[in-house]
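Engineer: Single-letter residue listing:
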Amino acid sequence: MTRDTDAPPPRFPGYDVLAKWGSPSFDDTTRGVLAARLDAVPPRRWLTEAEWTLLDAINARLLPQPERAHPIPITPWIDAMLHDDRGEGFRHPDMPPLRAAWRQGLAAVDDEAHRLHDLPFVRLDADAQDAVLQALADGRAVSPRWQGLEVKRFFIHHLLKTAAGIYYAHPLAWNEIGFGGPASPRGYVRLGFDSRDPWEAKEAP
Amino acid sequence: MNAAAPADARPLARALGAATFGLALGALLLARRGPSAAVPGPAVRQRLPLAPDDTGHEHTDRDRARATGAIGCADLGTDTAGDDRATAALQARRLYQAAAMLAASVLSDSALEHYRGNFENPGMFTPLASAAVVLACALRGAGRDTGTAVRAHGSARARARASAHARQTTTARYATTRAAGPAATVPYATACAVGAAGLGFHAYNVLRRPGGLSWANLFYAAPLGAPAALLLAGVIGLAARPVAAGAPTLAGLPSGRALCGLAAFGLAGTSAEAALLHFRGAFQHPAMWVPVSVPPVTAVMLASAALPGAPGPRRLTHALLKACTWLGVLGMGFHARGIARQMGGWRNWSQNVLAGPPLPAPPSFSALALAGRAALALRAAQAGPQREAA
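Protein chains in written order, with this note's numbering: chain A, 602 to 806; chain B, 18 to 407.
Treat the hints as calculated values from the structure; they're not laboratory data.
Just so it is clear, the structure is predicted and the values come from calculations on it, not from any experiment.
If a hint is listed, it holds; no wrong ones were tucked in.
Simulated restraints, written as ranges between beta carbons of each label pair:
(1) Ala765/A <-> Gly298/B: 34 to 44 Å
(2) Pro799/A <-> Gly160/B: 37 to 47 Å
(3) Met360/B <-> His671/A: 33 to 43 Å
(4) Ala637/A <-> Trp232/B: 42 to 52 Å
(5) Arg364/B <-> Asp795/A: 26 to 36 Å
(6) Asp795/A <-> Gly326/B: 51 to 61 Å
(7) Arg632/A <-> Arg358/B: 16 to 26 Å
(8) Arg358/B <-> His684/A: 41 to 51 Å
(9) Leu230/B <-> Asp795/A: 22 to 32 Å
(10) Pro799/A <-> Ala357/B: 21 to 31 Å
(11) Val346/B <-> Pro799/A: 23 to 33 Å
Chain B is faced by these chain A residues, among others (derived, beta-carbon under 8 Å):
(12) Pro625
(13) Ser785
(14) Pro786
(15) Arg787
Here a beta-carbon is modelled for each residue, glycine too, at the ideal position from N, C-alpha and C.
With the hints as extra help, turn the sequences into a complete structure.
Structural biologist: This is the structure:
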C-alpha cells in the first residue's frame, strides 16, 4: 500500500493523452466529460467536514501521490456520488444501502483507529494508518461499530475500488499507464498483439 | 493488421526479407541474360502476319471488322488500313495500361496495408518499390508504343504500295525492337518474382497464426490475392513487349488465346478475393454482389475465348468486359461511400482509409478488363487470317 517516494521513471515518457484533444480520437462527448473531470471538481455537499477529512486521509494511503504537486482528486467525487446517491445499481446482501454503508463504515474506521492507537485516524502517522487499513483488509476489525457491515467488503468494494475507479478515470493517471482514453471516432487499425498505432502511447524501452 | 511476430520469429522474418531481395535480384539477372525468350525466333517470324498486299486488302478489312465484333470499339476502328502491327501496337498499349493500372492498385494498396502492418518485416517495402517501377515503366511503355503505333499506322499505306519491301521492313523492325534493350523486361520479371515471393510470405503469415489455414485467418491475415495482383501486373507487362513487336505467340500459345486465358484467370482470382472480403463484410450492401457475379461470368466467357477454334463475334464478352471496366470506377465510388459511412466519415480519414473498404482494390477489375479487351482484339485479329486459310 505504500509507494516508493523516489518515484521510478515514467513508463511512458513524454506521453500526454490530452494532446489528442483536437484530434479525431476525441469527440465532443469525450471532451465534455474530460473537461468536467479536470475543471469542475465538485465541492463538499453530503459528507460532514470530519468525514471528508477522514476519507481524504484514507485515500492518501490507498493511492499515495507524493510525486504530484496537485494530486488527482478522489474524495470530492465520492462525495458527489453519495450526494447523488448514484450507486452501481446493485448491493451485496450483507451490506446496507450505499449512503448508510459509507456513513457507518467511515465512523467504524475512526473507531477502529481509536481502539488500536488511541487516536483519530487523521492524526495517526502513515505506518499506523496503514496498520489500521491492513486490519480492515484482513477482516481483523474489533470495533462493535461494524455491526451489520461486512468489514472486508467495505474495505475492498467501497473504499479501494471506488478510489481506484476515480483515480484511473483522470487523464493524469492515463498518462501514467499509457492509456489512450476513449477512441471515438478514431479507433485502432493495428489490432494485433503488441502492435502500436502512431497515436498510441510509446512505452520506454 | 498483422500480429507482431514473436521475438524469436524476427530473425526468420529478416532472413525471408533478404531472400525476397535475393529472388528479385536473381530474376533481374535472369531477365538480363535471356532477353530473346520473349522475342520470337526466326522460324516464328516467317509466320508473322504481314502487312496485307493490295489484292487482299479490302477483304481482310471486312473480315476483321466482323471478327472483332466491331461493336463500339472506336479505337479498333481506327485500324482501317488493316495493318496487323498497328493493331498489335494498340493492343500492346492497352496491355501496358493494364499493367500500369494494376501496378498503381498494388502500389497504393500495399502502401496502405503494409503501413498498417507497421512494415514489421523489411521485405514489406519490396512490393512498393517493385510496383512503383512497374507503374513507371508500363506508363512509359504505353506512351512509347502509342508513338510506334501511330508511326506504323502512317507508314502502313506506303508499305502497302511497296509491298515487295514489306518483309524486309518487318525484319528490320524486329531487329530494332530487340536492340531496344532486354533491360525493358527486368522490371516486369522482378515484379513476377516479388509477387511470387509475396504469395509465399502471405501464405506463411496465414499459416503461422493460431488455427493455421482457417477462414478467420484467410479473412484477417495477409491477403493472398494482393501479391498475386503484382505477379499479374508483371506477367501482363512482360506480354506487352512481344505483342507490341507483333509476335504471334506467347508461351507457345497464340498470343490472343494466351492473353484471354491470363485475363480470365486474373478476373477470376480478383473476384475470389472480393468474394472473400465481401463475405467478411456480410454483403451488407447489395452492390457488394456485383464484383462477385459479373467478373466470374466474364472470366468464363474469356476462358472460352481462349479455347482453340474460331472465337465468334463475342459481343457478350465485349459487353461484360466493358461492365468490368466500369466496375473498377464504380467500386471505388462505393468504397469511398463506405469510408464516408464509417464513424467519423472522411473527416476521420486516418482511421477509415485504413480500416474501411480498400479504396485501391476495385481498379484491378478495370485493369484486368482492359487486358481482356486487348486479348480479345488480338484473338479476333489472329483468327481472321486463319479462317481465311481454312
